[in-house]
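Engineer: In case you want the letters, here they are:
Number of protein chains: 2
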Amino acid sequence: MKLFIKDLAKDLLNGNTVALARAITLCESKKATDQKTASRLLQKIVPYSGKSIRIGITGSPGVGKSTFIEAFGKHLTSLGKKIAVLAIDPSSTKTRGSILGDRTRMEELSKDKLAFIRPTATGNSLGGVADKTRETILLCEAAGYEIIIVETVGVGQSETAVRNMVDFFLLLQLPGGGDELQGIKKGIMEMADGIVITKADGENEKRARQAQTEFQHALHLFQRSESGWQPVVLTTSALEKKGTKEVWAMIEKFYAHTIENGFYEKNRDEQNLKWFYESMDVLLKKKIFQSKKISSLIKSLEMKIRMGEIMPLQAAQKMVASIKK
Amino acid sequence: MKLFIKDLAKDLLNGNTVALARAITLCESKKATDQKTASRLLQKIVPYSGKSIRIGITGSPGVGKSTFIEAFGKHLTSLGKKIAVLAIDPSSTKTRGSILGDRTRMEELSKDKLAFIRPTATGNSLGGVADKTRETILLCEAAGYEIIIVETVGVGQSETAVRNMVDFFLLLQLPGGGDELQGIKKGIMEMADGIVITKADGENEKRARQAQTEFQHALHLFQRSESGWQPVVLTTSALEKKGTKEVWAMIEKFYAHTIENGFYEKNRDEQNLKWFYESMDVLLKKKIFQSKKISSLIKSLEMKIRMGEIMPLQAAQKMVASIKK
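Residue numbers (numbering that gives the first Met the number 0), protein chains in the order written: chain A, 0 to 324; chain B, 0 to 324.
If we strip away everything but chain A, and leave its shape as in the complex, we get (with noise of 0.2 Å):
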């Protein structure tokens, strides 16, 4: 086990991406065995992650996020870096299929030998998806990917678990999107550090600059964020192969920016700390429904419910009382 675990660290570390991806699918195994092996591995490589330039990136579907990421991802390859592209993708909570499933994404880049390609279908848990994404992140890094892209198909709160494990949030817009799509949006608005408007060509080049213009003045409605950035908006085309390069200049001025404020190492610490309080929460759970003295109160407790003998919130509070501090 302990020569298993050295072997696909050395060849993770070398940059292997059959090593890399099989750490992955380790860390995203349910079984305790694996977990196991998986944290030790996990011990072994995080002295050397860290060094990239983590990059979220989200928009409704329609959006054109792939045709965004591919444009970018190409543009990034061809200066020579090595990328990675994550995709979350809750799954819908009823019947746990894939959104994203049997799209095809992304096809010139998944040939480009410095680009690796990971969509993670996860299931209900939010706090799973994002222990899981920072473990692939870690070890991306630590396969020596210098920009990871982590995609989030905006669903429930998997922005926020995005927006809370990478350096640089970026939201897709479409030209004109209309005033009632501002509100839904506001508070993912907030979260951005820039705005791309996409398929800003032909017919749609004016609707994209009105657009531009709209939410660049949106933005400076909002408070300041706490790295002293100012959001920027810019537009780009995919069919007329617009925009991708300025994209990556604005991360870049954004990079040097918090380096030198500060803020890009105390904005990893704070995430750190959340990434400890979620793990301790899903860990929390685990332990207290593994006792057999708390399941078979909890068990009378629900029955006492289903019969209309106590309220919900009343039983919550005596099974809570029964746990010693």
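Because the hints were derived from the structure by calculation, they are not lab data. Virtual Cβ for every residue (Gly too), placed ideally from N, Cα, C. Treat the hints with care, as some may be off.
Lysine-lysine pairs mimicking PhoX-like chemistry, simulated, CA-CA at most 20 Å apart [stated by the list, open to error]:
hint	chain 1	residue 1	chain 2	residue 2
1	A	K284	B	K35
2	B	K286	A	K284
3	B	K285	B	K303
4	A	K265	B	K298
5	A	K317	B	K303
6	B	K317	A	K131
7	B	K35	B	K284
8	B	K285	A	K285
9	A	K273	A	K284
10	A	K285	B	K35
11	B	K284	A	K273
12	B	K35	B	K285
13	A	K286	B	K286
14	B	K273	A	K273
Derived CB-CB ranges, DEER-like [what the hints assert, rightly or not]:
hint	chain 1	residue 1	chain 2	residue 2	range
15	B	H216	A	R267	45 to 51 Å
16	B	A248	A	T16	57 to 63 Å
17	A	T24	B	A255	47 to 53 Å
18	A	V17	B	G61	47 to 53 Å
19	A	S290	B	V17	32 to 38 Å
20	A	E264	B	N260	55 to 61 Å
21	B	N13	A	F288	41 to 47 Å
Residues of chain A clear of chain B, computed beta-carbon distances all greater than 12 Å [what the hints assert, rightly or not]:
hint	residue
22	I4
23	D6
24	A8
25	K9
26	D10
27	A20
28	R21
29	K30
30	I52
31	G79
32	G201
33	R208
34	W228
35	K241
36	M249
37	I258
Could you slot chain B onto chain A? The hints should help.
Structural biologist: Quick look at chain B alone, frame taken from chain A:
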């Protein structure tokens, strides 16, 4: 204190809206003494609660939610029904400002003596939102409201939270909508017991009928829900005052159907259990962070994380291991 609770409960059970508003404010208060009072009050009124149809309504900003609820509500009060409208308003993460805040909404309905409208601006905790809204539902029911409408603005996980506390979940959609919007709404469509295409008038009418067919078709692709109910798609026009009658007829049919096959009661039982689990979660965390020993351990682990001496996940494992079973 006892006298105060007794009087408040009595007034509330008599349908006094001042008492109802006061009771809700008490439940929403974060003061420990208020919480105790609220808990006792809830115990008193809970036997008189539960006898309503609980309807959740969601839809993107701009879909005409307020207009629909106003028209729908007026139809219900014209039938002599007492209705309560509770609006969940998850504030934007950063500024904590209210999205609905300064809009004038449902002017007519708010003057109606048979209607009770209560917007609830909430903080970050979704568990908390759910708790308070659930308690508010019980209070409204005890005050004699026969139909409870819980409105959500569709930000973050509020839809799932609302779905877990209502009998019937209604999704509002604009005519057209376009393929690009279907992806993001898939999870929500799966939760819906009914879809209403709003603004189906004038030039929109044809598109609304098209959308109706498309949605009905899409819904057929989903697994039928546990309720055995096949979701229905209807169109409404606030302008031409059409369709609200049909929406109510659909909900009455759903009610009769689920009462008959036992789903109605089963669903409420399960919702109570969820409430129980969510409350446990919130209370457990509170308790853990109150213990001095644990909070000092957490502080030292935080320090080690900052120094890069321990990975957040390992730190969480250590902390959880330190808690007695």
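Engineer: Which of the numbered hints above does this structure break?
Structural biologist: 1, 3, 5, 10, 14, 19
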